[in-house]
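Whole structure, please, built from the sequences with the hints as guidance.
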Amino acid sequence: MAIRSFLILFILFFFSSLNPILSLYEDQVGLVDWHQQYLGKVKQAVFHTHKTGRKRVVVSTEENVVASLDLRQGEIFWRHVLGSNDVIDGIDIALGKYVITLSSGGSILRAWNLPDGQMVWESSLRGPKHSKSLFLVRTNLKIEKDNIVIIFSNGRLNAVSCMDGEVLWEKDFEGESLKVQQVIQPPGSNLIYVVGFASSSLFEMYQINALNGELLKHESAAFSGGFLGEVSPVFSETVVALDSTGLILLTISFQNGKISFHQMPISNLVKDSFGPAKIIPSSVIGIFAIKMNAVTIVIRVKDESKLEVVEKTNHETSISDALSISEGQQAFALVQHASHEIHLRVKLAHNWDDNLLKESVKMDQHRGLVHKVYINNYIRTDKSYGFRALIVMEDHSLLLLQQGEIVWSREDGLASIIDVTTSELPVERDGVSVAKVEHNLFEWLKGHMLKLKGTLMLASPQDIAAIQSMRLKNSEKSKMTRDHNGFRKLLIVLTRAGKLFALHTGDGHIVWSHLLQSLQKSKVCQHPIGLNLYKWQVPHHHAMDENPSVLVIGKCGPSSDAPGALSFVDTYTGKELSSLSLVHSVAQVIPLPYTDSTEQCLHLLIDADKHAHLYPKTPEAISIFEREFSNIYWYSVEDDNGIIKGHALRGKCTGEVADEVCFDTRELWSIVFPSESEKIIATVTRKLNEVVHTQAKVIADQEVMYKYISRNLLFVATVALKGSVEIGSVTPEESWLVAYLIDTVTGRILHQVTHHGSQGPVHAVFSENWVVYHYFNLKAQRYEMSVIEIYDQSRADNKDVWKLVLGKHNLTSPISLYSRPDVITKSQSYFFTHSVKAIAVTSTTKGITSKQLLIGTIGDQVLALDKRFLDPRRTVNPTQAEKEEGIIPLTDPLPIIPQSYVTHALRVEGLRGIITVPAKLESTTLVFAHGVDLFFTQLAPSRTYDSLTDDFNYALLLITIVALLAAIFVTWTLSERKELQENWR
Amino acid sequence: MAAVTPLLLLLLLSSAPSFSSGSRNAYNINGRVKIPQGLGTKGYALPGRMSNVKVLLNGGQNITFLRPDGYFSFHNIPAGTHLIEVSAIGYFFSPVRVDVSARNPGKVQAALTENRKGLSELVLEPLREEQYYEIREPFSIMSLLKSPMGLMVGFMLAVAFLMPKLVENMDPEEMRRAQEEMRSQGVPSLSSLLPGGARN
Chain A
170 MAIRSFLILF ILFFFSSLNP ILSLYEDQVG LVDWHQQYLG KVKQAVFHTH
220 KTGRKRVVVS TEENVVASLD LRQGEIFWRH VLGSNDVIDG IDIALGKYVI
270 TLSSGGSILR AWNLPDGQMV WESSLRGPKH SKSLFLVRTN LKIEKDNIVI
320 IFSNGRLNAV SCMDGEVLWE KDFEGESLKV QQVIQPPGSN LIYVVGFASS
370 SLFEMYQINA LNGELLKHES AAFSGGFLGE VSPVFSETVV ALDSTGLILL
420 TISFQNGKIS FHQMPISNLV KDSFGPAKII PSSVIGIFAI KMNAVTIVIR
470 VKDESKLEVV EKTNHETSIS DALSISEGQQ AFALVQHASH EIHLRVKLAH
520 NWDDNLLKES VKMDQHRGLV HKVYINNYIR TDKSYGFRAL IVMEDHSLLL
570 LQQGEIVWSR EDGLASIIDV TTSELPVERD GVSVAKVEHN LFEWLKGHML
620 KLKGTLMLAS PQDIAAIQSM RLKNSEKSKM TRDHNGFRKL LIVLTRAGKL
670 FALHTGDGHI VWSHLLQSLQ KSKVCQHPIG LNLYKWQVPH HHAMDENPSV
720 LVIGKCGPSS DAPGALSFVD TYTGKELSSL SLVHSVAQVI PLPYTDSTEQ
770 CLHLLIDADK HAHLYPKTPE AISIFEREFS NIYWYSVEDD NGIIKGHALR
820 GKCTGEVADE VCFDTRELWS IVFPSESEKI IATVTRKLNE VVHTQAKVIA
870 DQEVMYKYIS RNLLFVATVA LKGSVEIGSV TPEESWLVAY LIDTVTGRIL
920 HQVTHHGSQG PVHAVFSENW VVYHYFNLKA QRYEMSVIEI YDQSRADNKD
970 VWKLVLGKHN LTSPISLYSR PDVITKSQSY FFTHSVKAIA VTSTTKGITS
1020 KQLLIGTIGD QVLALDKRFL DPRRTVNPTQ AEKEEGIIPL TDPLPIIPQS
1070 YVTHALRVEG LRGIITVPAK LESTTLVFAH GVDLFFTQLA PSRTYDSLTD
1120 DFNYALLLIT IVALLAAIFV TWTLSERKEL QENWR
Chain B
587 MAAVTPLLLL LLLSSAPSFS SGSRNAYNIN GRVKIPQGLG TKGYALPGRM
637 SNVKVLLNGG QNITFLRPDG YFSFHNIPAG THLIEVSAIG YFFSPVRVDV
687 SARNPGKVQA ALTENRKGLS ELVLEPLREE QYYEIREPFS IMSLLKSPMG
737 LMVGFMLAVA FLMPKLVENM DPEEMRRAQE EMRSQGVPSL SSLLPGGARN
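From first to last, the protein sequence lines stand for chains A and B. All residue numbers for the first sequence refer to the working numbering, where the first residue is 170 and numbers rise by one. All residue numbers for the second sequence refer to the working numbering, where the first residue is 587 and numbers rise by one.
Keep in mind that the hints were calculated from the coordinates and are not lab data. It should be emphasised that the depicted structure is a prediction, and the values quoted were computed from it without experimental measurement. One should not assume that every hint holds.
To be verified - Computed beta-carbon distance windows for the label pairs: (1) B:Q695 <-> A:D809: 33 to 41 Å; (2) B:F678 <-> A:N359: 50 to 58 Å; (3) B:F678 <-> A:D533: 39 to 47 Å; (4) A:D1115 <-> B:L752: 33 to 41 Å; (5) A:T650 <-> B:L752: 50 to 58 Å; (6) A:K648 <-> B:N701: 48 to 56 Å; (7) A:D778 <-> B:Q695: 52 to 60 Å; (8) B:R689 <-> A:R835: 54 to 62 Å; (9) B:E715 <-> A:D1115: 31 to 39 Å.
Ideal Cβ placement from N, Cα and C applies to all residues, glycine included.
This is the structure:
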């Protein structure tokens, strides 16, 4: 009896020692997680290298980032991500200490402190009318020690003080049809020229005093030919434009207020001209470039009317802005692309024939063409000028070139990820050599001794540092082979630039990258857009020798009937296996759950004309497909019309060209939401590859509830038309939100709930038999989260064991979606503090582990929230039985526990998506969050119950075993001695 | 409009209005984020505290940043009820409901949504600090004992020293009987199990 109670005590003690550790310790940061910071494609760059001290370059990007980079290494000093509708229009450095940004269509001007990125002042600029033309003019004008910056936006010219953002003067340009083309500020004068076109054939010029905004002169002149596109300033009082046909170059000079036109047909300059040209604006004095088809022509303007072609090339050419290197001297850079190399030339503006610098740099062809170039000069030790060039490539990467070499490069394409999938790494083939093992064993022992020292608090600071670096630099985690636990995988990401990257989950390094040919601008495809990534071939079992591959789907242009493009990429090598330009469009892609003999997954592509196309186009795939012909259903959502439709296949395509893999479809059902009162704002389904471990849920009083698990459930949220606008402009009475659960095979609405006084945006996640959604409650003025769980009632009477034994159950009765399902739903709502950007749910291999919701908050953090907090069975006072089951007492707000932020003290700036992938180890799930930044970590929602944690102390285990052995020998000798004594007695 | 803003800020300093009417039903919301000194000093350091704070209006529709003195402003906001959130690593801010009314501009109507506390002026302070990491407990002999290995050793010791005690308390006759039983059944003693134990 005593022994038994002792054992019980022991067991209790043992379990109490396994305290739940929710999050990580500070020294565990970086062990399984990594965080990478990016910027996006650079739109504008300004160097700051004048003074001694840190050399920087300030950039603004298409991801709305303004950042200051270290010019030596390319590291980020500071960075701010502006709002998505606060697009940066221009940046500049003023007074040598402030970065000025103009954003939001020229209406917000901000100044940031250059060293630390602190915002110094903010000004709001308004104008009389909305206009597209925006200019931020750099000036050296000084008014009482203060620099001014000239801004033209929304039809108004503003002069703003750089010290405090005060508007010194403003001048409106009310002219109805006036389109301002350029604002020119000749250096060294107090004049500003505003030039533009009025109506279609009138050239207008305003001369303004820069110090007080006084209008000095206003001239206009008509040109019968009209104007086309942009103008390029060539001298301070001369601009170049094209006439409306695009065939004649116009040199417009407005010296001394007199406007004069000089015409020059392009065909006179270039013998074989090909159709209309386009001006590439540049700020270089006396030089401009035009582009006709793929030919770039650089033209020099001598005097006023004399135009001279200095270069004509078929290569892609980029010209930098002018850089004044000394009094009256301007330099500019020209970058040309030639297969594996890029040629960089730096020239003086008035001296085309000589190069200040000529370099060729070997360039990885997977970076594509040079899109932009910015130059900066420095003075070499021998007092001559040296130049560094910052170039932006087609794949959005940023490189710094100096002395013919790439000093640093940043893969900023990763800031705009479109889609993510994963791929397994290759299996480890041959064992490692013996010598390596021995070496590893010694290291291993040493490491564990250090760890033990750390545990026993005997470690010196150096030892602690060694332990930390050892843990972080664990070579195991970045190995290029599959591991037993499935932690090491490849993350395949598709970026907006049409580049595919493979990132290692261990430490986030880029394994390979590939610029997809099918997503590159070509003659057939002018504006390719990447759409999705799918697993194409996942070899296992009999096709083990094949490499896995992914399918990249893209289309040409933004219209819905643009032809599609496919690429197949090997995920081990990163080679593009093949690419296809499709004749049909891609409106929808349905990965089918069937594979052929080489483990290629069947995919059904639905085009805009509602034809279905099967890939791969092999007879084998067609035969597999035809077997499952009648089991294929899908749905389509037309947000604009408020219609959801269900579809099935009908037969082979009729008419047109006989195509073996083309099928006609038929519409099965449609749900039309009343367009005057409801608007679809969110649709969500279950993840296709989600695994559900158990269908039954045993509740407190030994009752069983059966989850209604169907892959064909769709969650739809609609809002009242008025509620579809932003928060703040509707009253609770005129806004409501309706949530539907729809069966996508029959089109039956299984459940419908209305939340009065609520509005979007709605973020939702669907898993197993529940859906969680987040919306705004206007009455309470707080965000809410609701959960709907759906249970199958038809099987509820199967809980009698005798019925099961006697076979009187209905478990084997055929389940058809056509019979009306007998379901019940349970739901509950809670308050949630933050706005949400994305919601995801953890997923594990077998679906046994309990789930956590991953909520991307507005602060760009990812919060893990246990699903138990969103359980509709929560009550204020749960019974004892319910408490034992693990039901948490109901509280109105959902708890936000800081330790459960999976991103801990980091931000995933510009968060857009959260992806979860199961590891092979059941307890663990891999989480990848992407936005401007990337973040990856491993999560164990119920803790790692199936493996030892990393900080498991093997040395302590060894010592214990040794101690036990010693004890055994001691007791053995003791017992032997005792036996001897007993024998003597 | 922008020229008026500094003036308004001065007004705000003297505890007056948070809103200013602009042209065409567009208003400005001005406010201040105050992070009390002393907070954030313990625990981990927050690099560039003030410069990394973002103020968000209506779930990210407008985003603005703080001036060095903690002031912020949103421009061109229509009348209505708005929600302001503050995102600062290391601090928990309650979202704030702000009413911008067209009828009487200049009137402050703001309330924290977490605890429904009204604000007389738009000064936002963190409700609490957020500690993202577990605190590592200092080494103690108990934690070592609580570890599975410690328990194993403890159990061993308990068996080695407590079991004989239990045996001692038994009735000597009963014990003899038990020993005899054991011998007759041939239950091997510890010594006979071990190598060398075969000697006897």
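Against the structure, the hints:
1. B:Q695 <-> A:D809: 33 to 41 Å: holds, 37 Å
2. B:F678 <-> A:N359: 50 to 58 Å: Because 53 Å falls inside the window, the suggested range holds.
3. B:F678 <-> A:D533: 39 to 47 Å: holds, 46 Å
4. A:D1115 <-> B:L752: 33 to 41 Å: Holds: the Cβ-Cβ distance is about 37 Å, inside 33 to 41 Å.
5. A:T650 <-> B:L752: 50 to 58 Å: Holds: the Cβ-Cβ distance is about 54 Å, inside 50 to 58 Å.
6. A:K648 <-> B:N701: 48 to 56 Å: Holds, at about 51 Å.
7. A:D778 <-> B:Q695: 52 to 60 Å: Taking Cβ atoms as reference, D778 (chain A) and Q695 (chain B) lie about 54 Å apart, which means the hint holds.
8. B:R689 <-> A:R835: 54 to 62 Å: holds, 57 Å
9. B:E715 <-> A:D1115: 31 to 39 Å: Taking Cβ atoms as reference, E715 (chain B) and D1115 (chain A) lie about 35 Å apart, which means the hint holds.
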